[in-house]
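Following the hints, position chain B against chain A.
Here's the letter readout for the chains.
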Amino acid sequence: MRIDAADMHYRELNQQIRDAVAAGEKSFDLVNINGQRYIGDGIRGQIDFTIEGVPGNDLGAFMDGPTVRVKGNAQDAVANTMNDGRIVIEGHAGDVLGYGMRGGLLLVRGRIGYRVGIHMKAYRGTKPVVVAGGTAGDFLGEYMAGGILIVLGLDRRQNEDIVGYWCGTGMHGGAIYVRGEIDPSHVASQSAGVREAGEEDLREIQPYVDEFCHTFSFEIEELMSEPFLRIAPISHRPYGAKYAA
Amino acid sequence: MSSAPTKNDAKKSPEGRGSLSAKTTRAPIYRPADFLWTRDADRCALCKRCVQQCGFDAITWENGPVVDPAKCVGCHRCEAFCPQNAITIEPNPQYFKPHPLWTESHRKNLWIQAETGGVLLTGMGNDLPYPVLWDHLLLDACQVTNPSIDPLREPMELRTFLGRKPDAVEVRQTQYGPKMSTELPPNLELETPIVFAAMSYGSISLNAQKAIAMAATETGTYWNTGEGGLHEDLKPYAHRAIVQCASGRFGVTADYLNAGAAIEIKIGQGAKPGIGGHLPGEKVSPQVSETRMIPVGSDAISPAPQHDIYSIEDLRQLIFALKEASNYEKPVSVKIAAVHNVGAIASGIVRAGADIVYLDGFRGGTGAAPTTIRDHLGIPIEIAIAVVDEQLRQEGIRNQASVIAAGGIRSCADAAKAIALGADAVAIGTGALLALGCTLCQRCYTGRCSWGITTQDPALTRRLDPYLGSLRVANLVRAWSAELEEILGAMGVNAVESLRGSRERLRAVGLDQTTMDILGVKPAGIGA
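Chains as they are written, first to last, in the working numbering: chain A, -5 to 239; chain B, 28 to 555.
With the rest of the complex left out, here is chain A (with noise of 0.2 Å):
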């Protein structure tokens, strides 16, 4: 199903999907967007979504399921508490990205703003996973309790960090995955903790990049062959030890 959401306020446009789905309806080809928020909200089961233009804020927020696809950039708080599903950004996208997310992909061709992927969790079989193919704003994975965030920190100006300050502050899960060199100081040290990955953590992301590359047309030996720093907690009760007791 194609619609034009030309002038189109995003209530109606997400009404019209939501009763196109409703009625059965599996693809949707969403042309000339222009900042309409929360397309692909709630949004549960197998639902293919195209999107040309710049959707607005919370795409695919608490969606399960769908896998949207976005042929320009994104706005803030995409895959917010996001269960399942995949989004593709083929631009950069805001801030705010995964928050809370439980499961599914997110794949930014770009950069990624502040605050990504903050409190995102694993539960049982899902694991939510961000890869970003640029570099990321401060506060990356803040609060992150489970999943993978990994940076690739591609196409960076001269002398650009590949994320920003107070990376992993008050992280209790999860893995952050940083494709180069970062300036230690940019980890939050009372909760998390900086090292090279192993050969086991390569593993645990090869899929994940190999995914990036197969979307957005890299070679993974070539991304692969430069080596990736492993930001994870250094305590699973980063405030166990803060309270009378």
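Just so you know, not all the hints are guaranteed correct.
Heads up, simulated BS3-like pairs for lysine-lysine below, C-alpha to C-alpha not over 30 Å straight-line [stated by the list, open to error]: (1) B:K98 / B:K75; (2) A:K20 / B:K262; (3) B:K124 / B:K98; (4) B:K135 / B:K124; (5) A:K65 / A:K20; (6) B:K262 / B:K192; (7) A:K121 / A:K20; (8) B:K192 / B:K206; (9) B:K262 / A:K121; (10) B:K206 / A:K236; (11) A:K236 / B:K135; (12) A:K121 / A:K65.
Honestly, the hints are just simulated from the structure, not real lab data.
Frame of chain A, contents of chain B only:
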């Protein structure tokens, strides 16, 4: 204690920069016990029941029960279950020279901190003797010229609708009579203006939550999941649930958002304004793990702010994300702690699109909070209701959201006064737990509740029968509702709607002029 230098001392170089976050070493210090536990040896049948009943391992057996006074929390479980009535629990009379500044509780708290270097934790609501404004407010009653209504024979309307009300309603005449053509926004329909406060599975046991859910369903009101997800066993009561979405997003899925009757965004809690929640890993049992959707044994940390909400605009974004996810079929509530600027904040919340504003005063309860936060942050709910109601009225947006007031509602009288001040309904948390047998020992945070309420230990939770518990909780709601009908009748009105925001029917005793102005009430003695 020995003062011999230890290995650790040697490590602390005097030239070092020092760190407040260094791991603390327990340095025991003498502290007198809070309670004196005595057993009448003539009565005691040596049945060991007290040993079995104590959830805190305070009583052991050495040819008879032996108590570790330091561990006794004064919950009275052993006493209640002693078949011989042989146990007495009293305040420990150990005498310290009194000091008006350095009270016994200040001294004891300081000693614990000197011993542990940690933040003091507590449970339930603020226990300091701040003035209780409810006790300075009195309701009006009818005499002679404005006859009262007898609730024994006149119908009394307690039904309450929570949610956005339209600015105006259009009515058109049809051949069948007048019909309203305005489409009404979704509202919760309550048989009585009392809902249950948010208490998550994890903070309380499943049996406790089930008892409250059953009572809410039975009495036509609503219970609140708190930020702990919706357990499979409670799905039959989901249509009577307000499902919460907070900073940890525990158990929040599209299915969950659509299962409840309303969705609540939790920004703050009266017992711990401005700080988050933290369910320690040891309380995340396999069952808790399933509803929170996190691994067994992992800490469930709810960060202090929701890190996607730093502004009213961000709040609006989440409100509408939730409305989109639930097809605009559920009212969305925003819960905040009552703080100094509560009027402007509530106005922002309403303008952000919330259908219900839930105000939690500084006396509100908690399963665990730092004592210093619980006891010293926030403002009284009485003030918050008056300020919010007034501000929303002044701005002409009072109809756009309902106000739920909570945080220390102890009786029907408190509820009636809250409604007269401007609340649409009250929420009760501590009251419901008391109905389940809680004795307010304030040790919820330990997870060892002997009454099976705030624990996940199966040996303790099985002590609470959810069905029997639900009868007591439902009885409480019925009793308060019947009392509310009596109050309304005495005031000469036959619907709770007529009491709502009717501050003219309140009078103050012993309050200063400024407080009365803020509350919008006159002193007793001033007539109409």
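Status of each hint after checking the structure:
1. B:K98 / B:K75: 18 Å, holds
2. A:K20 / B:K262: Cα-Cα ~29 Å, so holds.
3. B:K124 / B:K98: 24 Å, holds
4. B:K135 / B:K124: 14 Å, holds
5. A:K65 / A:K20: 19 Å, holds
6. B:K262 / B:K192: 29 Å, holds
7. A:K121 / A:K20: At roughly 25 Å apart (the allowed maximum being 30 Å), K20 (chain A) and K121 (chain A) satisfy the hint.
8. B:K192 / B:K206: 17 Å, holds
9. B:K262 / A:K121: 26 Å, holds
10. B:K206 / A:K236: Given that 30 Å is the threshold and the Cα spacing comes to 62 Å, the pair is violated.
11. A:K236 / B:K135: Cα-Cα ~19 Å, so holds.
12. A:K121 / A:K65: 25 Å, holds
Hint compliance for this structure: hint 10 alone is broken.
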